[in-house]
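Listed below are the residues making up each chain.
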Amino acid sequence: MENHSLALNNVFHALADPTRRSVIARLGRGSASIKDLAEPFGLGLPSFLKHIKVLELSGLIASEKVGRVRTCTLKRENLAAAETWFEQQRLAWQSRYDNLDDLLTNLKGEESEN
Amino acid sequence: MKTDALFDFLVDKEKSTITIQRKFAARRQLVWDCYTKSELLDRWFAPKPLTTKTRSMDFREGGHWLYAMVEPSGQEYWGRMDYQTIRPIDHYTALDGFCDNTGALNPALPRSTWNVTFLDVGTQTRVETVVSYASAEALEQVIQMGLQDGLTSTLERLDELLATLN
Numbered sequence: 001m002e003n004h005s006l007a008l009n010n011v012f013h014a015l016a017d018p019t020r021r022s023v024i025a026r027l028g029r030g031s032a033s034i035k036d037l038a039e040p041f042g043l044g045l046p047s048f049l050k051h052i053k054v055l056e057l058s059g060l061i062a063s064e065k066v067g068r069v070r071t072c073t074l075k076r077e078n079l080a081a082a083e084t085w086f087e088q089q090r091l092a093w094q095s096r097y098d099n100l101d102d103l104l105t106n107l108k109g110e111e112s113e114n
Numbered sequence: 001m002k003t004d005a006l007f008d009f010l011v012d013k014e015k016s017t018i019t020i021q022r023k024f025a026a027r028r029q030l031v032w033d034c035y036t037k038s039e040l041l042d043r044w045f046a047p048k049p050l051t052t053k054t055r056s057m058d059f060r061e062g063g064h065w066l067y068a069m070v071e072p073s074g075q076e077y078w079g080r081m082d083y084q085t086i087r088p089i090d091h092y093t094a095l096d097g098f099c100d101n102t103g104a105l106n107p108a109l110p111r112s113t114w115n116v117t118f119l120d121v122g123t124q125t126r127v128e129t130v131v132s133y134a135s136a137e138a139l140e141q142v143i144q145m146g147l148q149d150g151l152t153s154t155l156e157r158l159d160e161l162l163a164t165l166n
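Residue numbers (this note's numbering), protein chains in the order written: chain A, 1 to 114; chain B, 1 to 166.
Calculated directly from the structure, the hints in this document are not laboratory data.
Just so you know, even glycine gets a beta-carbon here, dropped at the ideal spot from N, CA and C.
No false leads were mixed into what you were given.
Label-pair restraints from in silico Cβ distances:
no.	chain 1	residue 1	chain 2	residue 2	range
1	B	F7	A	K108	18 to 24 angstroms
2	A	N106	B	Y77	23 to 29 angstroms
3	A	S22	B	S56	47 to 53 angstroms
4	A	T73	B	E61	51 to 57 angstroms
5	B	R55	A	E83	31 to 37 angstroms
6	B	A25	A	T73	43 to 49 angstroms
7	B	P49	A	V69	50 to 56 angstroms
8	A	D102	B	T54	16 to 22 angstroms
9	A	G44	B	Y77	47 to 53 angstroms
10	A	K108	B	L119	15 to 21 angstroms
11	A	G109	B	P88	20 to 26 angstroms
Given these sequences and hints, build the entire structure.
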């Protein structure tokens, strides 16, 4: 659980920025080099590298340098901690509303009896 | 699940909101009653397998509902819903918070704002609930709590989900 908490602090900081969210979305489709990742944003490389650094510190991505090319990869398990909570909420609401459906059906029965 | 197609659950991480939409096969007055009368709330508000127990209900602007969600084991989770604006049978807003069984709020945990709207759709009723947290930090805090004390989760379910995401 400690690991989850630590990851979440950084995950939410990392996801608060649109450039970084785009990078995450792109990496969801597969690993990519920093050069390819930076291209759509029109940022200078130093600025872009700062975003990459934040993402690495958050644990959302990892990077590896082979020769002169640094390649980034999404680490899904840390994104999953946040997703899990939302999934729990969704299931809770779904169950709650199934209960409400049943209740409404019963109440309509009671009404027509009266 | 006959009604699943009518259920929408949208997360906006940037704005720290969750929007839940659902259509019910009942007229608006009845659905409104289910949301605002404690004897009816007690019959549906807690997700299975928990049950809802009301300690007090004062449904007016400035009033609050003090309730517990109770696990089959008897473990109680207390909450209070403080009503801010009420426009029968269209809309209400409330502050949801964690508290103890006397209604004293837990100041360490953030509160969320509920914005609940009821709309006629033919003979049915659509309910939209927007749950907002004050900040990404506040949302993150309840996420952490949810991971530790999740009301509905089991570790098995977490394992299964992580397996599908990995």
